[in-house]
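*Asks:* As you go down the protein sequences, you meet chains A and B in turn. By the working numbering, the letter at position 102 of the first sequence is numbered 102, and the numbering carries on one by one without gaps. By the working numbering, the letter at position 168 of the second sequence is numbered 168, and the numbering carries on one by one without gaps.
Calculated from the structure, these hints are not laboratory results. No residue lacks a Cβ here, since even glycine has one placed at the ideal position from N, Cα and C. Heads up, a few of these hints could be off.
Said to hold, decoys possible - Okay, the calculated bits of chain A under chain B, using three or more residues with CB under 8 Å as the criterion:
1) 23-33
2) 90-102
Stated by the list, open to error - Only part of the chain B face toward chain A is listed, based on derived beta-carbon distances under 8 Å:
3) 27
4) 31
5) 32
6) 37
7) 42
8) 43
9) 45
10) 140
11) 144
12) 147
13) 149
14) 153
Residues per chain are reported as follows:
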Amino acid sequence: MKQLLARKGLMAAIIFFALVAIGGAALATSNNWENPFNALNTLVGTTSEIEGAGPTGETDGERAAPPDRSEMAEGEMPEMGEGGSAEGISLSWSQIGGVLYNIWYLFAAAAFVMVISIPVQFIRQQLRRLNLTPKQAAAHA
Amino acid sequence: MATLAAPIKAQRQRRISISKTKVNLFLDITLALAFVLALEEHFTGMNLHELIGVGMGVGIIVHIILHLKWIVSMMRRFFSKMFHESRLNFVINILTFVDLAVIIVTGIGISRTLGLEFGFDQSLSHSLEQLHKQASTFSLMLIGLHVGMHWKWIASNVRRYILRWPFHRQHRHAGQTSKTITLNKTAQHS
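Construct all of the structure, not just a fragment, from the sequences and the given hints.
*Replies:* Below you can see the structure in the form of structure tokens.
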């Protein structure tokens with residue numbers, strides 16, 4: 001039963017990785033993907049163009065830009081910045097790519113942690129084995 | 001009768017703990033969805049962006065209250081013996097909390113549709129906006145790590161409460177049958 005569960009878990013993990021990869025590829029083809037490590041660059045200050053960037057750090061137009069509202073009539077967007085609507089609540093479905101990218105990012109981070117945890121656990125096990133006394137090691141074996 | 005009361009009490013307690021996990025799971029999923037939506041103000045529009053932000057603030061407080069026991073115990077054990085993974089997890093959680101608090105506070109400060117007028121001058125408003133954006137960028141990474149650190153818990157509970165794989169149903173039925181048998185035996189003895 002344990003083996004069956006382990007095999008099921010491995011299969012689920014492989015399917016999950018495949019879905020993350022396919023999702024990333026789909027986002028890239030629809031121009032909604034950006035390098036997740038750009039966020040780090042923004043934080044360490046290598047990307048200086050924070051001004052005018054969206055909340056997820058789109059800085060250089062790599063991801064789909066919001067529709068140009070400069071040609072809108074003045075009364076259409078009262079007291080609002082880009083993307084806003086002071087009256088009522090309406091979703092701008094053309095920007096769904098950004099939301100999908102955020103969801104993908106969360107899954108990709110989970111996949112990243114899963115991958116990293118495998119060698120980390122292996123190293124930890126080896127270190128623990130090294131720290132055991134010969135008697136404990138024999139008992140462990 | 002006294003022998004029967006104990007298993008019933010234990011069963012009741014178990015039921016309460018299961019529902020707490022369920023509440024945690026659904027709250028976390030709602031928070032995650034709210035978070036990915038709130039990050040895209042171009043998608044939601046400013047009004048909904050701010051409303052989701054405020055709602056998230058409330059949700060995060062509930063999330064913390066639900067995990068208060070764990071937080072307190074981690075704080076006590078942080079500098080003593082503890083697995084490095086738990087320590088890293090705790091540091092990421094603290095950073096996430098601080099980051100989200102910054103986002104919510106600065107967001108309220110620069111709010112345009114909630115009807116809050118703080119009368120900040122333009123330069124302070126601009127600084128708050130920059131801080132809000134930078135913290136948002138950082139938050140996606142932190143929440144990603146937060147999700148990653150808890151993927152086992154998420155996967156097992158999503159499978160249990162949302163996907164309900166046939167294996168789990170069978171397993172639960174088998175568990176219930178054995179429990180009923182134990183109860184009957186206890187009743188016979190008493």
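*Asks:* Would you mind marking each hint as holding or not holding in the structure?
*Replies:* Hint check:
Requiring three or more residues with a Cβ within less than 8 Å of a Cβ of chain B, the coverage given for the stretch 23-33 of chain A is violated, as only 0 such residues are present. Look at the stretch 90-102 of chain A against chain B: 9 of its residues bring a Cβ nearer than 8 Å to a Cβ of that chain, three or more, so the hint holds. A least Cβ separation of about 16 Å between residue 27 of chain B and chain A goes past the 8 Å threshold, and the interface hint is therefore violated. Given the 8 Å rule on beta carbons, the hint for residue 31 of chain B is violated: about 11 Å separates it from the nearest Cβ of chain A.
Against a cut-off of 8 Å between C-beta atoms, the interface hint on residue 32 of chain B holds, since the closest Cβ of chain A lies about 7 Å away. At its closest, the beta carbon of residue 37 of chain B sits 6 Å from a beta carbon of chain A; the interface hint therefore holds under the 8 Å criterion. Using the Cβ-Cβ criterion of 8 Å, the hint placing residue 42 of chain B at the interface with chain A is satisfied: the shortest such distance is roughly 4 Å. Because the closest C-beta pair between residue 43 of chain B and chain A is about 4 Å apart, less than 8 Å, the hint holds.
Taking 8 Å as the C-beta contact cut-off toward chain A, the hint placing residue 45 of chain B at the interface holds, the least distance being around 4 Å. For the restraint placing residue 140 of chain B at the interface with chain A, the shortest Cβ-Cβ distance is roughly 6 Å, inside the 8 Å limit, so the hint holds. Interface hint status for residue 144 of chain B: upheld, as the beta-carbon distance to the closest one in chain A is roughly 3 Å, under 8 Å. A cut of 8 Å between beta carbons decides the hint on residue 147 of chain B: the least distance to chain A is about 5 Å, and the hint holds.
Taken as an interface hint, residue 149 of chain B checks out: its beta carbon lies about 6 Å from the nearest beta carbon of chain A, inside 8 Å. The beta carbon of residue 153 of chain B is not positioned within 8 Å of any beta carbon in chain A (closest approach about 11 Å), and the interface hint is therefore violated.
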